[in-house]
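Using the sequences and the hints given, assemble the complete structure.
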Amino acid sequence: MTRSWHEVFKGVDEPAGAAEAAEDAVGEEKEKSGGFFKRLKAGLAKSRKNMQQHMSTVMFDKLDAELWEQLEETLIFADCGVDSTVAIVDRMEKEAQEGLIRTREQFYERLEAALVDIFAAGDYRIDVSHHPSVILVVGVNGTGKTTTIGKIAWHLKREGMSVVLAAADTFRAAAIEQLGEWGERVGCPVIRQERGSDPGAVVYDAISAARSRDADVVIVDTAGRLHTQVPLMEELKKIHRVIGKQIEGAPHETLLSVDATTGQNGLTQARLFSEAVDVSGVVLTKLDGTAKGGIAVAISHELDIPIKLIGVGEQLEDLRPFDAGDFARALFED
Amino acid sequence: MFDTLSDKLQDVLGDLKGQGSLTEDDINKAMREIRLALLEADVNFKVVKHFVASVKERSLGAEVMESLTPGQQVVKIVHEELSKLMGAASTKLSFSPRPPTVVLMVGLQGSGKTTACAKLAKHLMSQGKNPTLIAADIYRPAAIDQLQTLGEQMKIPVFTIDGGDDAVEIARRGVEAAVESGRDVAIIDTAGRLHIDEELMAELVDIRARVKPHNILLVLDSMAGQDAVNVAEQFQEKVDFDGVILTKLDGDARGGAALSVKAVTGKPIKFASTGEKLNAFDYFHPDRMASRILGMGDVLTLIEKAQATVDEKKARELEEKMRKAQFTFDDFLEQMQNMRKMGPLTGMLSMIPGIPKQLKQTQIDERELDRVEAIICSMTREERTTPDIINGSRRKRIAAGSGTNVQAVNQLINRFKQMQKMMKQLSSGKKMQNIPPDLLKGGY
Ligand SMILES: Nc1nc2c(ncn2[C@@H]2O[C@H](COP(=O)(O)OP(=O)(O)OP(=O)(O)O)[C@@H](O)[C@H]2O)c(=O)[nH]1
Ligand SMILES: [Mg+2]
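Top line first, the protein sequences correspond to chains A and B. The numbering of the first sequence is numbering that gives the first Met the number 0, which starts it at 0 and goes up by one. The numbering of the second sequence is numbering that gives the first Met the number 0, which starts it at 0 and goes up by one.
The set of hints was computed from the structure by calculation and includes no laboratory data. Note that the structure is a prediction, hence the values are computed from the model and not measured. Any given hint could turn out to be false.
Claimed, not checked - Label-pair distances were calculated between CB atoms; the ranges are: (1) V85(A) with Y138(B): 37 to 43 Å; (2) Q96(A) with E79(B): 38 to 44 Å; (3) K83(B) with Q96(A): 39 to 45 Å; (4) Y282(B) with L302(A): 32 to 38 Å; (5) G400(B) with S207(A): 39 to 45 Å; (6) G163(B) with L302(A): 42 to 48 Å; (7) Y138(B) with D60(A): 44 to 50 Å; (8) E372(B) with E68(A): 53 to 59 Å; (9) D197(A) with K395(B): 31 to 37 Å; (10) L302(A) with V11(B): 24 to 30 Å; (11) E372(B) with L302(A): 35 to 41 Å; (12) E247(A) with Q406(B): 32 to 38 Å; (13) T379(B) with L302(A): 49 to 55 Å; (14) G163(B) with K236(A): 40 to 46 Å.
To be verified - Residues from chain B that keep clear of chain A, each with C-beta distances beyond 12 Å, as calculated: (15) S93; (16) G127; (17) D205; (18) G265; (19) M335.
All C-beta atoms in this analysis are idealised placements derived from N, C-alpha and C, irrespective of residue type, glycine included.
See the structure below:
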């Protein structure tokens, strides 16, 4: 079952009535048309039931070559990539040989377990236990960084934290205005300078502002960049260093936003961003579409980076803690 | 990164030349590698199935040409089939005999529509057109600001309705305004939307009905995965787009989604967007994309770019010099400046086949290149042609003149000498194996 927000935010006290608040958040959801998210939500509701009851892409009939081929195709079709797919199918085949998979139920159970194991890497929580805590958000152009920042800020505020946003995307046209608008919607200050100014300087200002306002969390928006653009990756490292110089041990979280519609390039993105700024977790965005986001499987499998949050829409409330079981089940539904 | 398909096929099929015809066993092994390579490149797996079947059919009993290895023969077949599937030559926009020609841009969130609108406008301007932009993304915060800023940068007017909440109305009045102001192309930017969002898809249908665009272009992220097929099919069903703009091609994604989209919708990829700068935009070349998907080195692009920038005679002179190893600092400087005109160096390197992988991954800091330029410019004419005379005191002078230090000058001279050697190797047709990976790195 999906974790509640105060579990996810490390450092947030459990407020009275937290459980209800979490229920509320689910209740508020607008009806989405079709899509992965709907299945995910269905998965949420049905999570007590068995995976196979709403599994339809792999028809378990008997343990034969065709079954393994179906499984392989399903995983490839979800963008899990060849290596992770082979690893999962191999593990399943081995378990079948060991006699662990005899029935349909066992097949789906073991499959879910294989995926959950892959996703077990690292800490699922978002560390906001420092004062101020700094969250740096990075990623390729258009993956959903700015929107995700708005959403995280909103959820933090609901948990009683005060938040400052740093408009360190000083490159893209109107990026500052975009974050400014989210700041207004959430009701938190946005520290900004002019377009074209040094992002390091913006971050510096934002942390100072957070200190003087006694804010709990600073979230830093950065310009979208391709992981292959060396000067821009260097700039990102510099932003990271500026943060570390101001607060020892910061940034406390470096979140990489990965678009769920991304194919195998997502793995290279995760690898290179990690090498540059030591990514502590992934936010998988746009799961409200029909893309299954299997690249998250590849990222966890090959790089051991935890998936922490999922984006399921364009509104403030459209952010969820990641749940491996739900995700696994939704992967195999039509 | 994975090895190229060419390398893998060479591996499984051996590299003996002129082996007669391919055996069934050879072909099966090759098909497995092709299947994996295409899947890794994000080609939709259903498309891969069809494709592999047709390649297999052609390969069975195919003669291996005298000059080729079986591996190369299969690569040749694959490349031909792939280019065929990607479509014929690049296709242009259709222009209305009664201007303005209306172009409607559609696509998922974050695919790069707004930037693509600006780039297309700039591209059209360079062809003597007189475009205008229409900002109809009323949903994403500051999306309209973004297009307006880009318009200002290019001195192209951007139409919108301040505080407007009706995208259809903005589009309609935008086109009217284009007529009134005598603009010959009107490009409409729309909000990113999910193909399954009924409400927003209906909005597109309305815009289409109202402004009757002459071109509807789907903007597709080259990093897209398997789901691109669903997206394209839905957009085709709802608004029947005419072609695709493929974005973010300056990254290292193989771009197999482009192939899938072409295969399932039959719609051509028309343009490729290849960088942050507004002029990083061009017609799409199917054969090059085929090479890219297969990881075969985009030789054609490299050659064409080089030709456009370097005057041919100079190129011949340079080649001559390279052969005789008379390559001087002047040539180095000129070459470097030409290369920089062509775009980021890392991009160039990745297009050259036969360059060792570790060198391709070498990262080049453009700022370092400024320093290199400064150092060379501080050399005398004699020093540039006969670098051997650059002794200690000359090095000091050069360092002072270029605002660098002696160490940097030393480094550049050393690397230049290595480069001379490399040039010699290259021109004598040897494969470049022994290039130090830091040759082109920063820290000159
Ligand atoms: N459907 C859907 N759309 C999303 C989601 N997250 C972000 N978006 C949309 O994706 C588009 C890009 O989002 P941004 O937040 O601007 O992305 P970014 O990474 O900050 O982009 P750049 O700063 O330009 O690199 C916008 O249209 C967002 O509304 C999501 O979870 N679901
Ligand atoms: Mg942004």
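Separation of M335(B) from chain A, once the least beta-carbon distance is taken, above 12 Å: Label holds. Min Cβ-Cβ 16 Å, cutoff 12 Å.
Whether the CB-CB distance between V85(A) and Y138(B) falls inside 37 to 43 Å: Cβ of V85(A) to Cβ of Y138(B): about 41 Å, so the range 37 to 43 Å holds.
Do K83(B) and Q96(A) keep their Cβ atoms within the hinted range of 39 to 45 Å? Check passed, 43 Å falls within 39 to 45 Å.
Is it true that D197(A) and K395(B) lie within 31 to 37 Å of each other by Cβ? 34 Å, holds
Take a look at whether the Cβ-Cβ distance between G163(B) and L302(A) falls inside 42 to 48 Å. Holds - the Cβ-Cβ distance for G163(B) and L302(A), about 44 Å, lies within 42 to 48 Å.
G127(B) and chain A, when compared Cβ to Cβ, separated by more than 12 Å: 26 Å, holds
Beyond 12 Å from chain A, beta-carbon-wise, is G265(B)? 21 Å, holds
A range of 38 to 44 Å was offered for this pair. Does it hold for the Cβ distance of Q96(A) and E79(B)? Since Q96(A) and E79(B) have Cβ atoms about 43 Å apart, the given range 38 to 44 Å holds.
Evaluate the given range 53 to 59 Å for the C-beta pair formed by E372(B) and E68(A). 57 Å, holds
Could you check that no beta carbon of chain A comes within 12 Å of the beta carbon of D205(B)? Check passes; 18 Å lies beyond 12 Å.
Is the distance from the Cβ of Y282(B) to the Cβ of L302(A) consistent with 32 to 38 Å? 37 Å, holds
Cβ separation of Y138(B) and D60(A), checked against the hinted range 44 to 50 Å: At 46 Å between Cβs, range holds.
In the structure shown, no violation is registered for any of the earlier numbered hints.
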